[in-house]
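A.B. asks: Here are the chains, one letter per residue:
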Amino acid sequence: MVKRFLILLVLVFFVIMLLPLVSDIQPQTELNPLAKKYVKDGPDELGSANLVTSVIVTYRGLDTLGEVAVLFIATAGVGFMLRRRKDSNKNPQKKRESSEILQTGTALLTPLIFLFGIYIFLHGHLTPGGGFQGGVVIASAILLSMLSFPQSEINHKILNAIESLSGVLYLVIGILGIYLAAGFLDNRILPLGDFGRLFSAGAIPVIYSLIGLKVGSELVGILDSMQRSDS
Amino acid sequence: MTLVSIIGFVLIIVGLWGMLTQNNIIKIIIGFSIIDTGIHLLIVSIGYIKGKTAPIIDSALLKTDAMNQVVDPIPSALVLTAIVIGLAVTALMLVYAVNLYQRKQSLDINDFEELKW
Chain X
1 MVKRFLILLV LVFFVIMLLP LVSDIQPQTE LNPLAKKYVK DGPDELGSAN LVTSVIVTYR
61 GLDTLGEVAV LFIATAGVGF MLRRRKDSNK NPQKKRESSE ILQTGTALLT PLIFLFGIYI
121 FLHGHLTPGG GFQGGVVIAS AILLSMLSFP QSEINHKILN AIESLSGVLY LVIGILGIYL
181 AAGFLDNRIL PLGDFGRLFS AGAIPVIYSL IGLKVGSELV GILDSMQRSD S
Chain U
1 MTLVSIIGFV LIIVGLWGML TQNNIIKIII GFSIIDTGIH LLIVSIGYIK GKTAPIIDSA
61 LLKTDAMNQV VDPIPSALVL TAIVIGLAVT ALMLVYAVNL YQRKQSLDIN DFEELKW
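Chains X and U, in that order, give the protein sequences.
Heads up: the first sequence begins at 1 in this note's numbering, then just goes up one per residue.
Heads up: the second sequence begins at 1 in this note's numbering, then just goes up one per residue.
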């Protein structure tokens, strides 16, 4: 009874605390000054048709670097918590074979899903999407093949190599921006190209491809350690 | 106060209620995810402008006219960041739940009394 009362008290406290914040949100009629600057100058300055991408990758690129770091730490935590017990190698559980339909469907769909993921992160500066979404789509392709071929093992050397290389290259591109352009993670180290083309917006497609590979390999790492854990 | 922000606010309170009242660890994690979703809706509703479109320039939305036609791109970028971090944190929490289950064969939060006083 006391506990319920306390919970109710906490909830009422939170409602009182959050309500002023929420009731201050008025329906807007025009952009605020910062957004106005990003929308007005962004396309000419950075050459990216997707303005959200130009905010994520360049204007707030440091945030994205931090986000990638958080994802990496979470992956490391998952791998650490679910590390394989030493005696589990001796008598591996026999897993049931998946059905013919699932196996055939996987063989047909996996390359297409891969291609779709690569399309999403290569066109991150033109269409809705980008590195994170593309990486998740690629990880879903791997998840599908994990479900249909439960015995198969993922090559960890390749996975780790992709993840570390893309992370290091991301940082190198960021530092190159200091020397060749205006600042850290500036995309103008490469020519801006024609607006709205695939090869445009300077380094944004390169950075987003690296982020896509990194996010994809990290999520595959999470899925793999969850699949391997013996519980 | 817009409709989306009210829904986000309600989701935050519902998720908090779930986290405080449920005993099953998986349900607590679900409550956390509901709070996460509510916060995303709240952030998106800040930048939304009625009747305007997504900030992507193409043949239907010209560069010169973009200022008067698009919503604020910054909350969208922040929510994208928040979604990815929410995914990572949820994965980590689920792994903790797996580890706790391996230790005590139970997912009831009341069975873990080591830090209780």
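Think of the hints as simulated: they come from the structure by calculation, not from any bench.
Note that the structure is a prediction, hence the values are computed from the model and not measured.
Hints are supplied without guarantee of correctness; some may be wrong.
To be verified - In the DSSO-like style, the derived pairs of lysine-lysine whose C-alpha atoms are separated by at most 30 Å in a straight line are:
id, chain 1, residue 1, chain 2, residue 2
1, U, K50, X, K3
2, X, K36, U, K52
3, X, K40, U, K116
4, U, K116, U, K104
5, U, K116, U, K27
6, U, K104, X, K40
7, X, K37, U, K50
8, U, K104, U, K27
9, X, K3, U, K27
10, U, K52, X, K3
11, X, K36, U, K50
12, U, K27, X, K37
A.B. asks: For every hint, state whether the structure bears it out.
C.D. replies: Quick rundown of the hints versus the structure:
1. K50(U) <-> K3(X): Outside the cut-off at roughly 43 Å; violated.
2. K36(X) <-> K52(U): Answer holds: K36(X) to K52(U) is near 14 Å, not above 30 Å.
3. K40(X) <-> K116(U): Roughly 55 Å separates the two Cα atoms, so the pair is violated.
4. K116(U) <-> K104(U): holds, 16 Å
5. K116(U) <-> K27(U): holds, 20 Å
6. K104(U) <-> K40(X): violated, 58 Å
7. K37(X) <-> K50(U): Holds, at about 20 Å.
8. K104(U) <-> K27(U): holds, 18 Å
9. K3(X) <-> K27(U): holds, 18 Å
10. K52(U) <-> K3(X): Violated, because 47 Å separates the two Cα atoms, which is more than 30 Å.
11. K36(X) <-> K50(U): Satisfied, since the Cα-Cα distance of roughly 16 Å is no more than 30 Å.
12. K27(U) <-> K37(X): Answer violated: K27(U) to K37(X) is near 43 Å, above 30 Å.
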